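Here the protein sequences come in this chain order: A and B.
Everything in the first sequence is counted per this note's numbering, starting at 49 for the first residue and increasing by one.
Everything in the second sequence is counted per this note's numbering, starting at 4 for the first residue and increasing by one.
Since the hints were made in silico from the structure, they are not lab data.
Warning: the hint list may mix true and false statements.
For the chain B half of the interface with chain A, some residues (derived, Cβ under 7 Å), not all of them [claimed, not checked]:
#1 M7
#2 N8
#3 E9
#4 I17
#5 L34
#6 E69
#7 Y70
#8 A71
#9 V75
#10 K247
#11 K248
#12 R255
Bear in mind the structure is a predicted one, so any value in this text is a computation, not a measurement.
Every residue gets a Cβ at the ideal spot worked out from N, C-alpha and C, and that includes glycine.
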Amino acid sequence: MKRAIITVVGKDSVGIIAGVCTYLAEKQINILDITQSIRDCFFNMMMIVDITPQMENLSDISEELVKLGEKLNVKIMLQLEDIFDSMHRI
Amino acid sequence: MIHMNEVYETNQMILEDNLDVRTITMGISLLDCRSDNLQEFCTKIYDKITGRAKDLVKTADYVAKEYAIPIVNKRISVTPIALAAGFKNPEDYIEIAKTLDAAAKAMEVNFIGGFSALVQKGTTEEDQALMLAIPEALAQTERVCSSVNVGSSKAGINMDAIRLLGKIIKELAEKTKAADSIGCAKFVIFTNAPDDNPFMAGAFHGVTNADTLIHVGVSGPGVVKKALEQCRGKKFEVLSETIKKISFKITRVGMLVGQEVAERLGYPFGIIDLSLAPTPAIGDSIADILELMGLESVGAPGTTAALALLNDQVKKGGIMASSAVGGLSGAFIPVSEDQGMIQAVERGSLTLEKLEAMTCVCSVGLDMVAVPGDTSAATISGLIADEMAIGMINNKTTAVRIIPVSGKKVGEYAEFGGLLGTAPIMPINSFSCQEFINRQGFIPAPIHSFKN
């Protein structure tokens with residue numbers, strides 16, 4: 049299984065989680081874990097997802113998520129999990 | 004499981020503190036391209052480079068997207084041309100440089116390094132021809148980088164080559180006068196040159212390397228600076244630990260990206276070079292780090308000690324993070340590419356002499372230093388000899404990339420643009436070393452070279 053991290057940051061509003069989850073469901077990307085918090089109206093979310101079904105189209109998915117973020121007025125980033133493992137785990 | 008704060012720490016480094024993979028450099032051996040015929044040789048090297056590197060940029064860009072970390076430069080280094088080519092006429096080397104330039108353009112890499120000669124123990128006819136071709140070759144090409152290794156701790160210093168290169172640098176400056184002598188920014192002189200360095204202008208693919216390798220150079224002065232902001236007023240041990248830890252993290256990311264690119268291209272991974280390399284962007288500065296340690300301005304007493312600490316801790320963090328650390332690995336102090344260094348020169352706190360002292364403890368040498376256009380060839384040779392002596396005696400790499408800006412004086416600026424930045428023209432000691440430089444021969448190898 050290839051895992052990726054999706055981070056969503058921005059001003060809180062209705063439908064951010066719904067918007068991101070709907071998109072992921074359409075793309076057959078399973079969500080493994082969600083951490084989310086709101087501080088001073090600022091929305092922060094990190095998702096761990098199974099990106100295996102879309103490994104070939106990662107670049108497109110990444111771009112579409114950026115566009116979705118613009119629509120939802122938040123910043124969305126998708127990265128393979130390895131980068132965090134490399135940096136923070138020995 | 005990865006925690007949210009770790010994800011934000013990484014992304015903050017990338018998005019706010021300019022953490023990037025500075026270069027993915029493909030090293031390609033050209034030793035199998037030898038030919039007695041110039042045209043055949045040029046065809047062979049063009050075909051080999053474009054064959055090996057055809058997917059380099061595309062693959063690097065794709066990996067960058069997957070991890071959302073910028074890979075700023077994609078580059079190629081080749082076998083020192085004087086070794087690969089075997090021609091004895093300088094004109095031939097100009098043709099070869101043009102071929103390298105064409106290959107670099109076709110592959111969309113921004114630099115190709117290896118228009119080089121290794122002359123520390125003596126100059127062959129091929130080496131001599133290549134050196135004589137440097138001014139014209141670099142003036143007629145855009146992306147070719149050149150280097151000459153003139154000394155080593157094992158062999159001593161080739162003073163005949165240094166005398167010649169002083170003149171070559173002047174000629175190169177004159178030939179590229181219209182662009183503030185930019186040719187000199189693509190030419191570097193070394194002692195103890197590493198043969199796996201991915202950074203330009205000094206990259207070349209050493210003859211002991213495998214046929215094709217992928218090297219990676221990471222950088223992140225902004226990240227180190229951010230970490231040190233938490234260390235104001237703290238003990239040196241805390242300062243050192245902080246630099247070491249952050250260097251570890253940066254190196255691990257570079258390692259991952261480099262290995263990933265290597266695997267996808269199907270070539271072995273070479274080395275990771277963890278060098279704090281500044282860019283003209285605000286906040287991406289080595290000078291800022293040194294000043295954050297407690298100096299009013301770079302060049303103040305204490306600067307050399309601060310740089311020594313920085314350089315050593317960067318190396319230690321890197322070594323712990325990867326068993327393939329190579330290249331130069333440390334802190335670069337190019338003047339024109341570092342906004343903080345430029346300001347220090349403008350304030351009058353940083354002089355050429357202090358820079359020379361700093362090179363005793365940093366990873367390279369006098370880098371991207373502009374001096375007046377009327378500086379004599381002998382003075383430039385003298386400066387090179389000093390720097391090479393530091394490297395030879397201290398068993399370290401030292402380099403000189405100096406630009407005598409044609410037609411300009413102290414107080415004026417040379418504008419190179421892009422990553423090469425803006426160089427304030429610095430005063431240089433005007434007392435003559437002509438008689439010293441005019442002597443022929445070699446400075447013998449130092450006593451500690453006899454370790455067998």
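Now for the hints, and whether the structure bears them out:
1. Hint status for B:M7 relative to chain A: holds, with the closest Cβ pair at about 5 Å, below 7 Å.
2. At a threshold of 7 Å, the smallest CB-CB gap from B:N8 to chain A is about 10 Å, leaving the interface hint violated.
3. At a threshold of 7 Å, the smallest CB-CB gap from B:E9 to chain A is about 5 Å, leaving the interface hint in force.
4. The restraint placing B:I17 at the interface with chain A is violated, with a minimum CB-CB distance near 9 Å, outside the 7 Å limit.
5. Taking 7 Å as the C-beta cut-off, the interface hint given for B:L34 is violated, the closest approach to chain A being about 34 Å.
6. Nearest Cβ of chain A to the Cβ of B:E69: about 5 Å, under the 7 Å cut. The hint holds.
7. This hint holds: B:Y70 has a C-beta 4 Å from the nearest C-beta of chain A, less than the 7 Å allowed.
8. With its C-beta approaching chain A no nearer than about 5 Å, B:A71 sits inside the 7 Å limit, and its interface hint holds.
9. For B:V75, the shortest C-beta to C-beta distance to chain A is roughly 17 Å, which exceeds 7 Å, and the interface hint is violated.
10. A hinted interface residue such as B:K247 counts as satisfied when its beta carbon comes closer than 7 Å to some beta carbon of chain A; here the least separation is about 13 Å, so the hint is violated.
11. A least Cβ separation of about 11 Å between B:K248 and chain A goes past the 7 Å threshold, and the interface hint is therefore violated.
12. For B:R255, the suggested interface contact is upheld, since its CB lies about 4 Å from the closest CB of chain A, less than 7 Å.
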